[in-house]
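Undergrad: In case you want the letters, here they are:
Number of protein chains: 2
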Amino acid sequence: MDTPPTKKTLQIAIVGGGITGIMLAIGLTRRGVRCTIYEQAAQFGELGAGVSISRNAVRAMGLIDRSVLGAFNIVATRNKWESKKSVWFDFMDGTSQEPAARLKPLFAMVDPGVGQNAVHRARFLDELVRLLPRDVAQFNKKLDHILDDRIGSGKMLMKFKDGSVAEADAIIGCDGIKSRTRSILVGEDHPAATAMYTHKYAYRGLIPMQQAIQVLGEERAVNSHMWLGPNRHVLTFPVDHGKTLNMVAFATNDREDWPSSSKLTLPTTKAEALDDFREFGQNVKNIIQLAPDKMDRWAIFDLGNHPLSAYHKGRICLAGDAAHATSPHHGAGAGFCIEDAAFLARLIADPQVQEPAHLEVVFSAYDAHRRERTQWLVRSSRRAGNLYEWLAQGVGSNFKSMEKELAERLGYIWSYDIDNALREATKDLHRRLNVPGLPRLDSQVMPFVTNDENGVEMA
Amino acid sequence: MDTPPTKKTLQIAIVGGGITGIMLAIGLTRRGVRCTIYEQAAQFGELGAGVSISRNAVRAMGLIDRSVLGAFNIVATRNKWESKKSVWFDFMDGTSQEPAARLKPLFAMVDPGVGQNAVHRARFLDELVRLLPRDVAQFNKKLDHILDDRIGSGKMLMKFKDGSVAEADAIIGCDGIKSRTRSILVGEDHPAATAMYTHKYAYRGLIPMQQAIQVLGEERAVNSHMWLGPNRHVLTFPVDHGKTLNMVAFATNDREDWPSSSKLTLPTTKAEALDDFREFGQNVKNIIQLAPDKMDRWAIFDLGNHPLSAYHKGRICLAGDAAHATSPHHGAGAGFCIEDAAFLARLIADPQVQEPAHLEVVFSAYDAHRRERTQWLVRSSRRAGNLYEWLAQGVGSNFKSMEKELAERLGYIWSYDIDNALREATKDLHRRLNVPGLPRLDSQVMPFVTNDENGVEMA
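Protein sequence lines correspond, in order, to chains A and B. Quick note on the UniProt record's numbering: the first sequence kicks off at 1 and runs consecutively. Quick note on the UniProt record's numbering: the second sequence kicks off at 1 and runs consecutively.
The set of hints was computed from the structure by calculation and includes no laboratory data. The beta carbon of each residue, even a glycine, is placed where N, CA and C say it ideally should be. Certain hints may be false.
Between beta-carbon pairs, the in silico distance windows are [to be verified]:
id	chain 1	residue 1	chain 2	residue 2	range
1	B	147	A	178	23 to 31 Å
2	A	427	B	263	26 to 34 Å
3	B	269	A	178	52 to 60 Å
Simulated crosslink set (DSS-like; lysine-lysine; CA at most 30 Å straight-line) [stated by the list, open to error]:
id	chain 1	residue 1	chain 2	residue 2
4	B	8	B	159
5	A	404	B	400
6	B	404	A	400
7	B	178	B	142
8	A	270	A	178
9	B	270	B	294
10	A	80	A	243
11	B	161	B	263
12	A	404	B	404
Could you build the full structure based on these sequences and the hints that come with them?
TA: Structure representation (structure tokens):
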């Protein structure tokens, strides 16, 4: 595709070519804003099999560009049965010995018209990359440090590990859970520089759907299910347009630390997984039995212990996992990354944003309107993980309470009115831009929701 | 007094000789830990007339040292009437035209056996200073920057504005709302470096009690009252052992920024205050009328917009207002500073803390056990300010709801079991100290309350 005519002279650097960075680049280029993606790898690529896309994420994609929805529709796998198209997950008692085909769900979470949308990260990324101008990305660019050349060129300078230097009017770190931009922003020895172990990990395995149907029956195999139990829970859902069942088996271990400080994924075996789930019912054991002998164990890290006090500092900004890496228990991590990208693209492209100094104002408005929701997700997702595993205080294995609380939390995630949020943020951006002399960017009125606290949140 | 025998070779630097710093120094010296206070002024001194001390603060003082309770009892002023000794505030309709003597309270907040304790900051500080060894403080030491001399002396170095340098094994910033230690820790251009305007300000005035009794009647004058109204609220309470009435008249202005970027207090007149409260009833106007013609207007700033993601970084730590400056609407700011001091004194003095590297572990345990409560206060205090002014979403001028919510929030503040919290933190400290090689200080299990979220907190 061609680059649309450039309306601004502003130049944005995007650090990291994952889903957040590519979404942001699409949003910016489609609006005529110049940007470059600096990706540390030799080519675009994403790790991790499945990503869940919910209603709020679909809306955010539409705001980035209609073409993104097209890419999404090519790769999304939904529940196979028509009657299950609106179901996010059916929740099952994973400890029951009743055969899966006869076992009734405890409850279901339903998102009308959307339900479960599993997307293969790498394939989704491939489709998204097609929407980008060819020259937008530079590879083998591992960020080393950042300099604010305020009195020289007036630009932000990035030094990369290969010794090269690039400049931009602002830098947006979309470099994921291990973000170098974040550690530069807060300082390397700061507790918020690194994500931390949540004391949950997961075994992951892909299973041919025909085999899965044999042990679970068709209804349970071709539609998404969550199998609950004490200290453990297992997700099964169709991927690859229904040809494969994706199994993710989570476990909590509060006693031990994750054995590696650099690797989030370590090799393990099916035998270990089976032993870990020995207290579960036969259905879950049957599913694990179908996984390959060699499996991966994936540590769940997040930024919940030390939430960032701001997503920006001067003309450096963080988006997606770099800002708010979350555990996956709400299936909302990628969706919130996409919301961030939609926000930043729209605010940067705003006609009143014309000078480099305005980008700092954009970032402070973005921070004021996005930080609360995204940091809430990190906390709420931890809570959800504990709900599934009967560990949540005040709920335990009371499934009525569990259903009620999950519905409330998922409702807050899914029903996000991003159009209205963007209208509010844009209004706020204009107010901030029109303060004479821009004396203290952040002392402007925060949106009511951040200035106040609704409801008693007791510790 | 004499310095008790030193049990450790550790040397702690305390930046700032306000209530937090002095409390901490008392707690440390009484436990044989060497420390030095670096105070920017030429002598000890505190601004602001009144400070409120509630049950949790009294308990924390006792943990620092019994002698602190003695100092407190010398300077505390309580409600005069025996029947009001347990009352924190009687809440009045400030818009009513009914004369104060006949007007009945809307409701009361009661803390049995404690009630309202007003303390004059400067006088309290004078009493506390007597409890310190003479040589513990150095004056005219305005912190400029900090160096971690890891490969040299192994010490932390402080450079002061006067060019002098001091060293310590760790630095604790108790330097208040405008903390230089905080801006060093997060970086000067970081949004969390500076406190921000909450869009509330207050007129303050001291009124001879005899005059106050003439306009309010004895019951309303010699005991603490809060006068509520739309967008405004007024506190009246006895200070100086009942000889003086302290009036603090708060107002909300969401439209304008605070006119000064450096001064939190600006001169104003009684005429302006009267005009600001023109919508209120005669009782409030009568009180303001008794204030001197020249008054101060005090801007309420806090750290609520950008809560710190950690209270420490390496061997630098923040305590009190430097870490969590709050608006005064819960009357709990000073109390939380004292809790911090009690925590740090006890954890640093722990027998297992022997080497400089252990202090970093102390700070991470302190952060894990204190940050949640103290940042909650900042949010909840904003909410309280809005409750008093009929601005709180879902409550407005529904006094039944207001009473219920305030009771719940104040209960959480007052009922803090600091003994138990310290036991938990000490257990956690020992666990963190005994991790082989101390690989990643912060990845240890956080207390359940921080790892999880209790109750749905919707934005």
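Undergrad: Go through the numbered hints given earlier and state which of them the structure violates, listing their numbers in rising order.
TA: none
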